[in-house]
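Participant: Listed here are the chains, written in short residue letters.
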Amino acid sequence: MHRETVETVAFRAGYLALFALMVTPLLVVIATSFSDGARIAFPPENLSLAWYGEFFDRINWLEAFTNSILVGVGTAVLATALGVLGAFGQEFDDGLLGTVVAPLVLVPLLIPPVVLGITLLIYFNEVGLRGSYASIILAHTLWATPLVYFVMRSVFSRFDWQQLDAAHDLGAGPVQSFVHVVLPNVKHGVFVGGLLAFIISLQEFVMALFLSTSSTETIPVLAWTELRQAMDPMVSVVSTFLILISLGTLVLAVIATNLEWVSKQLS
Amino acid sequence: MTEIPSTATSTPSNPISSAWSRLTTQSGSRRALLLMAPLIVFELLIFVIPFAILLRISFAAPSSDGVYADGTWSLEAYQQVLATDLIWSIVGYSFFLGAVVTVLSVAIGLFYAYAIWRSSGLVKSLLLFSVVLPLLTTLVIRTYAFDPLLQPAGLLYSTVGVVIAQLYIVLPYAVLAIYSVMATTDWHVVEAARDLGASRPRSVLEVVVPQVMPGIIVATVVSFAWSVGAYAAPELLSNNITFAIYVEQLMLSDMSYPTAAALSAVMLGLMSLCIAAIFGVLNRFGGEFELA
Numbered sequence: 001m002h003r004e005t006v007e008t009v010a011f012r013a014g015y016l017a018l019f020a021l022m023v024t025p026l027l028v029v030i031a032t033s034f035s036d037g038a039r040i041a042f043p044p045e046n047l048s049l050a051w052y053g054e055f056f057d058r059i060n061w062l063e064a065f066t067n068s069i070l071v072g073v074g075t076a077v078l079a080t081a082l083g084v085l086g087a088f089g090q091e092f093d094d095g096l097l098g099t100v101v102a103p104l105v106l107v108p109l110l111i112p113p114v115v116l117g118i119t120l121l122i123y124f125n126e127v128g129l130r131g132s133y134a135s136i137i138l139a140h141t142l143w144a145t146p147l148v149y150f151v152m153r154s155v156f157s158r159f160d161w162q163q164l165d166a167a168h169d170l171g172a173g174p175v176q177s178f179v180h181v182v183l184p185n186v187k188h189g190v191f192v193g194g195l196l197a198f199i200i201s202l203q204e205f206v207m208a209l210f211l212s213t214s215s216t217e218t219i220p221v222l223a224w225t226e227l228r229q230a231m232d233p234m235v236s237v238v239s240t241f242l243i244l245i246s247l248g249t250l251v252l253a254v255i256a257t258n259l260e261w262v263s264k265q266l267s
Numbered sequence: 001m002t003e004i005p006s007t008a009t010s011t012p013s014n015p016i017s018s019a020w021s022r023l024t025t026q027s028g029s030r031r032a033l034l035l036m037a038p039l040i041v042f043e044l045l046i047f048v049i050p051f052a053i054l055l056r057i058s059f060a061a062p063s064s065d066g067v068y069a070d071g072t073w074s075l076e077a078y079q080q081v082l083a084t085d086l087i088w089s090i091v092g093y094s095f096f097l098g099a100v101v102t103v104l105s106v107a108i109g110l111f112y113a114y115a116i117w118r119s120s121g122l123v124k125s126l127l128l129f130s131v132v133l134p135l136l137t138t139l140v141i142r143t144y145a146f147d148p149l150l151q152p153a154g155l156l157y158s159t160v161g162v163v164i165a166q167l168y169i170v171l172p173y174a175v176l177a178i179y180s181v182m183a184t185t186d187w188h189v190v191e192a193a194r195d196l197g198a199s200r201p202r203s204v205l206e207v208v209v210p211q212v213m214p215g216i217i218v219a220t221v222v223s224f225a226w227s228v229g230a231y232a233a234p235e236l237l238s239n240n241i242t243f244a245i246y247v248e249q250l251m252l253s254d255m256s257y258p259t260a261a262a263l264s265a266v267m268l269g270l271m272s273l274c275i276a277a278i279f280g281v282l283n284r285f286g287g288e289f290e291l292a
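Line by line, the protein sequences are chains A and R. Heads up: the first sequence runs through residues 1 to 267, numbered per UniProt numbering. Heads up: the second sequence runs through residues 1 to 292, numbered per UniProt numbering.
Coverage of chain R stretches by chain A, computed from C-beta distances (three or more under 8 Å per stretch; other residues unrestricted):
hint: 1; segment: 44-57
hint: 2; segment: 127-133
hint: 3; segment: 136-146
hint: 4; segment: 247-253
hint: 5; segment: 258-269
Residues of chain R clear of chain A, computed beta-carbon distances all greater than 10 Å:
hint: 6; residue: G92
hint: 7; residue: A192
hint: 8; residue: A198
hint: 9; residue: P210
Hints were generated in silico from the structure; no laboratory data involved. Backbone N, C-alpha and C define an ideal beta-carbon position, used for all residues, glycine too.
Go ahead and model the full structure; you've got the sequences and the hints to work with.
Facilitator: If you want it as structure tokens, here you go:
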């Protein structure tokens with residue numbers, strides 16, 4: 001009995017300590033954004049909103065924000081289209097194609113981003129896409145597509161395929177039956193996949209670092225280059241905004257999934 | 001990766017053409033091929049061809065005026081990579097960092113996933129939240145957060161500091177990979193083991209671990225691949241150079257493309273061998289795991 005109590009206490013202490021360790025770095029970033037000094041310090045000596053005021057005067061951060069959204073949306077659209085179609089096609093596959101496609105889609109995730117970055121830099125130089133938004137979107141799609149693909153495969157594995165046969169028997173064409181029969185059943189998965197793709201693009205920076213120019217740099221790239229020059233609280237301010245956006249996304253996703261659950265209970 | 005059945009490679013060589021005819025004669029496969037075509041074309045254009053070009057450049061002779069001598073064949077870049085002690089020490093450091101972070105990440109990830117699995121209600125939500133929030137935060141910020149944290153502790157510019165920061169980067173992925181498998185396993189089996197007299201740590205190691213082995217394998221491979229290729233944490237928080245940082249230097253500062261390409265190829269080869277070994281070893285523990 002006594003030994004079990006000790007074990008339980010140790011177990012709780014262990015995961016509470018880990019919880020604290022997971023959250024602390026993000027709290028530190030938020031705290032340092034309120035300092036008035038020129039270099040980040042924790043805890044901040046004087047609290048002020050000076051760096052927040054400064055943020056709205058700096059046009060490059062706003063431009064980077066626009067770039068991030070543009071690249072993120074492009075990546076989400078492209079990766080979702082490729083991933084959903086690919087996973088859907090996999091359902092009609094006799095196994096031969098899938099054994100090649102699944103690992104091919106997965107492998108880019110395991111290649112160090114620096115190696116992917118230089119590979120694509122050389123390639124986009126040759127095909128004349130260097131410095132374009134397209135080059136960053138294509139690079140990010142390489143990482144976002146596997147996630148959409150694997151989310152959709154697990155979603156499609158739970159789909160009742162007899163519905164599709166029924167639609168065909170009733171005379172629906174392939175596009176018609178996909179839009180009216182398959183899509184409504186898997187739209188939740190498509191949404192989650194697209195959101196994941198958007199998030200991947202929003203936070204990726206090593207490939208973007210190689211592929212972007214001053215006019216196409218995303219927020220993480222600008223944050224990185226500014227950090228190399230000065231460890232000032234401006235990056236903390238931007239980070240705080242990003243953490244708040246992430247928090248908002250998380251809350252939205254929780255609400256969305258719960259609404260789904262509620263509507264399922266009602267119907 | 002080379003035998004992809006696509007329109008570009010439908011040359012009448014035997015295995016490919018027979019695979020091709022098998023694909024096109026079955027109506028289900030034709031539909032599959034049509035639907036998967038955009039994905040296959042994308043992977044070919046943005047992944048396979050760029051890597052073929054990189055590999056080709058690794059066999060080109062370095063050039064004094066430009067980045068590499070077009071159209072030449074040479075093993076000079078590989079010789080340079082294999083013969084330079086500095087490169088070997090950088091490669092060694094990268095693998096050391098990868099190994100240490102992977103072991104810690106999988107051990108802690110297993111413990112944290114288990115804690116999430118066993119908790120309920122608000123605690124469970126908070127624990128999951130603590131994993132997902134860093135995951136949604138960009139790598140730059142996750143790394144940058146450790147500057148003010150490590151400095152007062154005297155760990156800035158030390159290997160310990162880099163390990164901690166890199167661990168923080170990969171841990172969320174490890175926890176989620178293990179948790180996603182754990183969430184589908186049956187708790188009653190663990191209870192049965194305890195009723196039969198297994199201690200709690202023993203029941204976890206002998207009953208839970210083998211069941212979640214697929215998740216552990218994913219966690220190990222992801223932690224390993226991303227930590228060996230670490231760029232941000234060592235660059236920002238230490239003076240030690242990893243292979244990723246060195247590849248960047250070779251490319252952007254030294255402009256020696258063949259060496260950068262050859263080093264990348266060597267690293268990818270070594271990493272593939274390690275990942276294959278990880279699969280081999282961990283798969284064996286999937287069935288029966290014996291605690292001495």
